[in-house]
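Trainee: Chain by chain, the residues run as shown.
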Amino acid sequence: MTVADLTSDSNLGGGRPVGPGGPALGFGHRSRGRALRNQLARVVMWTAFVIAMVPLVWILWSVISKGGEMLLDSQWWTNSQRGITNRFVGGGAVHAIQGTLIIGLVTALMAVPVGVMTAIYLVEYGRGRFAKTVSFTVDILTGIPSIVAALFIYAVWVTTFGFQRVGFAVCLALVLLMIPVVVRSTEEMLKLVPNELREGAYALGVPKWVTIVRVVLPTAFSGIITGVLLGLARVMGETAPLLILGPYTKNIATNLFGGLMPTLPTMINQDRTEVLQPAVDRVWGAAATLILLILLLNLAGRLIAHYGRPRT
Amino acid sequence: MPSSTAVSAADELPNPKGPGPFLKDRVTAGTGRLGDRLFGGTARGAGVLVIAMVTLIAVFLLSQALPALAKDNVNFLTSTAWNVDGTPLQFGIANLLWVTVLSSAIAMLIAVPLGVGVALFITQYAPIWLSRTAASLVDLLAAVPSIVYGLWGLQVLGTHMDGVQAALQSLFGWFPLFSDAGIGAASTILTVSVVLSIMVLPIVTALSREVFAQTPTSHTDAALALGATRWEMIRTAVLPFGKPGVISASMLGLGRALGETVAVMVILSALANDTSWSWSMFNGGETFASKIANNAAEFDTPQKAGAFMAAGLVLFLLTFLVNAIARVVIERRKAFIE
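Protein chains in written order, with our numbering: chain A, 1 to 312; chain B, 1 to 338.
The following block holds chain B by itself, in its conformation from the complex (with noise of 0.2 Å):
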């Protein structure tokens, strides 16, 4: 169901037993009696709760957005200015939504050809005694937390990134993306984008390291009967199986990069209200999160909180359908392969 949202979701909140499901939770809620029933009934309530709150997430943010947004001077999308302090009010995303994809998509160009070459590695070349190893040692890259993420970024790797843009606008400065906007190496778009390539790593090589790893047994065998070599195996067989779940993952991976906060607060430098508009990888700026954070301070008037609110709204919303993505994808491919 591609187009279900968290509100259409809850529509079948009022009435969860419909005439079709209740004669089949006869069948399955077990013999009637009031243990049963109670127990059951809680565990019902616990998935009505987790619906509730989702939904819940996505009401609150909208009522509290719209006032704000009605009294918006200027067009909430395409605008660039924040104002949110006296009146006139204005405020708009186009910064903020052209720093967030440029940073997570750049992240993801790193991380998705890397995620994929560490998961094959883990299930097809790595010896047995290696494997296991690996793949907890990539999965520890999860258990950094973000703030740790951000200062590295910021004091270690922010400090050698200075020769990455020397080079990067020596061979492409004449094209906008690569434009030199005079900030610091260690605070812009780039550098961000290379520590949330790290931080999405562990999801996409998890994830497709699962789905390479359940290629059945006789694709591979058979094309190594044919005479493949061990790498013609993997195009020919792994990688075709595997493709939907990669999709997923990378998917999975980009979720999380948009709505990444700490790190991209602590290392990307913000930039005054009147600064012009670069296109240029090696800006600073504010991602929706981390304007939001930046901020969380200054949430004193409904009308200020307002208008971070619409920006958190959008970024739910941005999240949300990069994650039903991810799901329909990889329920499609269940459907396949059962």
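So that you can see chain A by itself, here it is in the shape it has in the complex (with noise of 0.2 Å):
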């Protein structure tokens, strides 16, 4: 896309006046209030771009500055908060750390093969309004707020059924977030598989479920794993259905379904209104263990699929 771009800037750049082009039709003779105006969407883009990158720096600057020491600590991860108090330097994450790993493991595992079997319905069978429903309802669960989704499941899980507010009941409502990254994800993927690919199993005779189980799968399935990988870095952010179905505790848990069940975004909410020291950097140091959760599955995920590409 750029290429073009880059060589035709070449001819262009600077305000020189056009090259071998003659006399322009259809824009006239390049004054200098058209090259003026030129040079000034430069820098406007040029500044648009240094604008955005200033929340970027500025709050991964704030969380190191603030909680990157704590990750340095190894308390920080081995133990957890039991039995410390906001004035108290020391305890660690560990808890938070594990709840949230827990909870995205769950999540994943009931999100995943909705997600791929709904892609392949839809790049390999759908044809037809019923396909176009289903994409379509996967674009509304995308832009399904979290809190709506948390709601939901708060009026089936808790107030139909009677259940406490327990971890299974937060994976249930972050599952709903998960299914739509990946099926637009599995679906790109599976778009991409050559259909010389499909066409050759179906030439020797296999059947239609296991030329997409052993060959359109297989190809595609590095991109499979980078879109669950960046599902998953958007689920294990997300705080709004741990506010309403998720209680934190300090201490280790590992029950799903019964009890408390902590997170790093609700560690995070617990303390955020303290104002004595300790807890103020607790708080920060969850937040910076967080982003680097998430940076590290999303790095994961780029790399997979850098290097995974299915190749043709």
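Hints are supplied without guarantee of correctness; some may be wrong.
Unchecked claim - Straight-line C-alpha distance at most 27 Å; calculated DSS-like pairs for lysine-lysine: (1) Lys132(A) to Lys243(B); (2) Lys304(B) to Lys71(B); (3) Lys191(A) to Lys132(A); (4) Lys243(B) to Lys334(B); (5) Lys243(B) to Lys191(A); (6) Lys250(A) to Lys66(A); (7) Lys334(B) to Lys191(A); (8) Lys132(A) to Lys334(B).
Calculated directly from the structure, the hints in this document are not laboratory data.
Each of the two chains sits in its own frame; use the hints to bring them together as a complex.
Mentor: Right, here's the structure in full:
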């Protein structure tokens, strides 16, 4: 895309007159005003990019400078907050990290099969109105605010069935948010698989479903993994469903079906209004840990996407 | 299908194999062997499940909101009261709607021009070595969790908002939108809007960048061959081509801004129930989402929960509408290109 633009830029840039094209018909003589406006637009676009980078650098800097130090302490990665009050330094975030990972894993286990199968339906089978409706619904699901997903699960889990607020309910809400991400990325990857591969399999008499499972999915595998990792990165940072369905605790907890479930977002939320320095440090430490976790997932996703593209 | 709702979409559920699609299904569903039918059925089942989820969201929210709405003593749409504890039950969404719409509108005013600028930079201006990196860096903004945005907005950005607020008030203070509401500059609607604009920037940029990159080279080359400057080429070829994409991207961003919960909840200072109405962007308040999240611990009676479900339902409908518009705009563009 940019190659053509750049080459054409080379005979045009810097307010020089148009070269071999001769007198231009559509745009008239190139006056100084036009050249000036062209330069101005260039400056504006560069400025827009620089402005967009300001918050990114600023946020990362704030989080690292305020919470990065906590991550260097080995205690942070081995201890929970059990018995530690606002006034005292110490304790770790292992309970919250573990909770976030457990919830993310269980969410993925539910969301990935549904998401991948929906994508397979849309690409390999879907024709006509029903497929259009499914595709439209996935778009709507993409846009559903996390708080609405959480309210819905609350209405089902707590109000209708009368269960407690537990980790598993959080997972259910997150599944709703993760499915559309998995569907869309898997869809893109399946579309990239060349039709010749499918036709070759059919020509050898391989049934359609075996073709999908043994030929199409392996070809698109790394792309699907990327989608799953990006989806995980999205749901692990979600806080709203946790506020409504997953109350925080300072202790290590592993039971998704009973008791409280600590996570990094709720750990931040718990102490965010504190003014005592040890608690403030821990809030930013948890924020740094959460960002680190999500960046690692993103990075892993991108690396897999880069090195594992379907080769054709 | 602009008027299609979650409920009407599910009308197709009871009879997914109409006489029309059935024939086509035979063609696309493979050889008709058991494995093929099982696998195809499972794939179709996943699609049904997705439709069922969206339908159930609407049905459940509606069914739990209706009893509370029936007992509501004030007009749900125009009242500013929120008294869900005692009797008489009173709750209205005028305040929530105003704060939600105002904060998102300001956010879009900032994010759309900036996002389009960044997208143009990435596709048209950036040197080739910077182009991909720039795109990934902007995408990184989407990876920051919303609670971190909230924390940063309140404790870091908020401390720098005093000057902005003072400047805006001294310039436009006569206009109700800019009047002083006596809230600390860190916790105002304006601060929320700035943070929201950063959060939707990657969405607006990503989609705009995609459509700008698709501009046919024949268009851009033709403009350049006619002697257009780079900027004139963008104005006459890239922007008209990408306009539906930009509209659609803005709508998706708007949907995100309307529904953002935690960042808003952390930053915006909630007001007491009897606070008088203010149009100001320097006011506090609550959006639909932050109202629900702020009171998450209080859903103890069906009546109370119902009131919040009603607020959630309005938010659901708002985002549904906005996303449906985005989808329709992009679909029409697709039809136009193909």
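Trainee: Broken hints, numbered, in rising order?
Mentor: Violated hints: none; all satisfied.
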